Amino acid sequence: MSNEITYLEAIREALFEEMERDPEVFMLGEDIGAFGGAFKVTDGLMAKFGEERVIDSPISEIAIVGAAAGASHMGMRPVVEMQFIDFIANAYDMLTNYVATARYRAFLPCPMVVRGPSGGYVRGGPFHSQNPEAGFIHTPGLKVVYPATAEDAKGLMKAAIRDDDCVLFFEHKYLYRRIKGVMPAGDHVVPIGKARTAREGNDISIITYAATVHKAVEAAERLQAEDGLSVEVIDLRTLSPLDDEAIFNTVRKTNRVMVVHEDTRTGGIAGEITARINESCFAFLDAPVLRVTAHDIPLPYAPALEDFVLPQVDDIVLASRRLAAW
Amino acid sequence: MPPKATRAARKGGSVTPHLGEQLTREQKLQLYYWMRLTRTLEERLVALYRQTKVVGGLFRSLGQEADAVGSCFALEQRDVMSPLIRNMGAMLVKGATPVEILKQYMAKGDSPTRGRELNIHFGDLGEAGKTRGFLGQISPLGDMVPVMAGVTMTFKMRRQDRVGLVYVGDGATSTGAFHEGINFAGVQRLPLVVIVENNGYAYSTPTAKQTAAAQFVDKAIGYGVYGEQVDGNDVLAVYDCTKRAVDRARAGEGVSLLEFMTFRRKGHAEHDNQSYVKPGEVEQWAAENDPIDRYVRVLLDREKVGQAALDEIDARIHREVDEATDIAEASPFPQPHDALVGVYGDRPTEQPLWYREGADVSSLGKERAEGWGTWDASKGGSR
Chain A
1041 MSNEITYLEA IREALFEEME RDPEVFMLGE DIGAFGGAFK VTDGLMAKFG EERVIDSPIS
1101 EIAIVGAAAG ASHMGMRPVV EMQFIDFIAN AYDMLTNYVA TARYRAFLPC PMVVRGPSGG
1161 YVRGGPFHSQ NPEAGFIHTP GLKVVYPATA EDAKGLMKAA IRDDDCVLFF EHKYLYRRIK
1221 GVMPAGDHVV PIGKARTARE GNDISIITYA ATVHKAVEAA ERLQAEDGLS VEVIDLRTLS
1281 PLDDEAIFNT VRKTNRVMVV HEDTRTGGIA GEITARINES CFAFLDAPVL RVTAHDIPLP
1341 YAPALEDFVL PQVDDIVLAS RRLAAW
Chain B
17 MPPKATRAAR KGGSVTPHLG EQLTREQKLQ LYYWMRLTRT LEERLVALYR QTKVVGGLFR
77 SLGQEADAVG SCFALEQRDV MSPLIRNMGA MLVKGATPVE ILKQYMAKGD SPTRGRELNI
137 HFGDLGEAGK TRGFLGQISP LGDMVPVMAG VTMTFKMRRQ DRVGLVYVGD GATSTGAFHE
197 GINFAGVQRL PLVVIVENNG YAYSTPTAKQ TAAAQFVDKA IGYGVYGEQV DGNDVLAVYD
257 CTKRAVDRAR AGEGVSLLEF MTFRRKGHAE HDNQSYVKPG EVEQWAAEND PIDRYVRVLL
317 DREKVGQAAL DEIDARIHRE VDEATDIAEA SPFPQPHDAL VGVYGDRPTE QPLWYREGAD
377 VSSLGKERAE GWGTWDASKG GSR
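Chains as they are written, first to last, in the numbering used here: chain A, 1041 to 1366; chain B, 17 to 399.
Wrong hints could be hidden among the right ones.
[Said to hold, decoys possible] Selected chain A positions facing chain B (Cβ under 8 Å, derived; list incomplete):
1) K1088
2) F1089
3) P1098
4) A1107
5) A1108
6) A1146
7) E1266
8) P1338
9) A1342
10) L1345
[Said to hold, decoys possible] Now the stretches of chain B that chain A is said to cover, found in silico as 3 or more residues with beta-carbon under 8 Å:
11) 164-177
12) 185-198
13) 300-312
14) 319-330
15) 356-365
It should be emphasised that the hints constitute simulated quantities derived from the structure, not laboratory data. Only a predicted model underlies this, so the values are computations on that prediction, with no experimental measurement involved. From the three backbone atoms N, C-alpha and C, an ideal C-beta is built for every residue, glycine too.
With these hints in hand, go ahead and build the complete structure from the sequences.
See below:
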């Protein structure tokens, strides 16, 4: 289709539209201006909006997140790029101690977005492949989104920029140029906090987000063809706040649930989702909630190693069969 | 431009006579008022602390009143200041009231942070003319430098004639946030004044264990910003030095790093007995280099202010602090459920956990579905 655009282009389109719509929106990050960003997400923004609104910063994640917080207190809407989301760890203090608490302790909102390329399956090694969302989901005061489709990437970015709190926007770099979509006409905004049903089904449910949505859907197609299993796939889209209603609805519908994520296992959000199901839907379960996740290993570089550590379609198929047979 | 290292007399001496020429006699009396108010209010807080009415720790700025008051006095109303824990004096100058400070320390429900934050961690930030222009600190040191870089970046982007001033201690200069913040502000040529209060100790750690640099002002060269060192116990020198930096910022000449030489005469907080300080050092600073005593001599000898005028100010301060204490003591503690309000903008309140609120005890133990726990493997029938 000629008007299809990639996940990456969808994000860029959202940034363009929001900068045009609201003069308080500006971009701050490393190599985002003249160079257009390491992945070219911000390509063309400086040419259109100038150096004052698309600011090339020093290599200083603490400073750019802190400066964004200060600017957001004054009514601006900064969008900060982490060149790789792995580097958000450098700004962990600023985000969790300063930004996340500002509204509560000081009545100072931080309407800002911290965005960046995240995730593996790209042979990026230990520092260009991480999924550090769990640490931030754990922090009250932050919102976390992680889209799986091009349409959601655009719509959630627009919602994130308009949100009155800090939104961490995880962009899956494996999806950047592999996934395409046709953008809905007009001002396309996807509300934060609402999950989506990526695939309808009746026998088992897979709750997931980001790149593994596509792996789960692929597994579901195979299970349908090979086992006659009807698998529902829920794409969370937002990780904080979690859409409890969507989670509980699918549990009540299929009574067999699995959570899949690319993040490591221990302390990953699958544990939190499992706990919520346990507390609220215990009587609806016909089987224990299963998890398919990465191993608890720093993500290695070699394809054979990375593929072993990360969850694959085969893993989801196997786990689904176990879940169905329980 | 290389830093202008005005080596300070670390002790003794009177206030340099040519300083403060830009100030009127009325303003000079105001400087006295703010310094004396700072000390008196802190003394009142000590009394309340000993009565266990201060809920948490108490942080003194004894002997550092000149550096906080003199520097903040160089700002205009529209400017924004971010204090550190020894800068209650700067906050008073910028409009924080004794009532607010007392309520904060006493964790009252109508304190500026509604009992959510401690001591002088509060602010009033926003539009010029509608807010007093100070931004509350957080405990991780150095973090306010990047945040104030962001605040002043908006002044630059919006072509506003406003300046920012941020205080750090000698200890905070060792943090990554300080380094990244001042470097970023320097590159962006932001209207920001960074004040390093060198009071000799970060908690128990002496400056010699904080940095190998001979003096903190030397760091200005590395950041490519204007630097100046000043006797932090000379209120007029502090004012003059800060005013120069503020004027530079206002004129678009960028960031300044000012080092104020002073001494922390109390421990990090009231619990700290300063066992790590050399015997006699505190007493010597108190006897020879008290910023208020030094300034009183200037007012009496050079400005020809009568002792009666100072006594009158002191009496007024005591009245104000007494009245503020009465108001703060009478105000209520927050209601427990107030804890749940205001984490997010679009969600006015969080839900209490079920065991705190609304649990229907009569239903406990009856949540199990009919038939659960009745299945028996020996009777077969499993899938």
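Here is how each hint holds up against the structure:
Hint status for A:K1088 relative to chain B: violated, with the closest Cβ pair at about 17 Å, above 8 Å. For A:F1089, the suggested interface contact is broken, since its CB lies about 12 Å from the closest CB of chain B, more than 8 Å. Of the supplied interface hints, the one on A:P1098 holds, with its beta-carbon coming within about 6 Å of a beta-carbon of chain B, less than 8 Å. The beta carbon of A:A1107 comes within 3 Å of a beta carbon in chain B, closer than 8 Å, and the hint placing it at the interface holds.
A cut of 8 Å between beta carbons decides the hint on A:A1108: the least distance to chain B is about 6 Å, and the hint holds. Given hint, A:A1146 at the interface with chain B, holds; its Cβ is 5 Å from that chain's nearest Cβ, closer than 8 Å. Below 8 Å, beta-carbon pairs count as interface contacts, and A:E1266 has none with chain B, the closest being about 20 Å; its hint is therefore violated. With a cut of 8 Å, the hint placing A:P1338 at the interface with chain B is violated, because the nearest CB-to-CB distance is about 23 Å.
The closest approach between the C-beta of A:A1342 and any C-beta of chain B is roughly 33 Å, which is over the 8 Å cut-off, so the hint fails. The closest approach between the C-beta of A:L1345 and any C-beta of chain B is roughly 32 Å, which is over the 8 Å cut-off, so the hint fails. Given a C-beta distance limit of less than 8 Å, the hint that chain A covers the segment 164-177 of chain B holds, as 8 residues qualify and 3 suffice. Given a C-beta distance limit of less than 8 Å, the hint that chain A covers the segment 185-198 of chain B holds, as 4 residues qualify and 3 suffice.
As drawn, the segment 300-312 of chain B meets chain A at 0 residues by the rule of a beta-carbon pair under 8 Å; below three, the given contact is violated. Under a criterion of three residues with beta carbons nearer than 8 Å to beta carbons of chain A, the stated coverage of the segment 319-330 of chain B fails, only 0 such residues being counted. Counting residues of the segment 356-365 of chain B whose C-beta sits closer than 8 Å to any C-beta of chain A gives 6, which meets the bar of three, so the coverage hint holds.
Violated hints, listed in ascending order, are 1, 2, 7, 8, 9, 10, 13, 14; each of the other numbered hints is respected by the structure.
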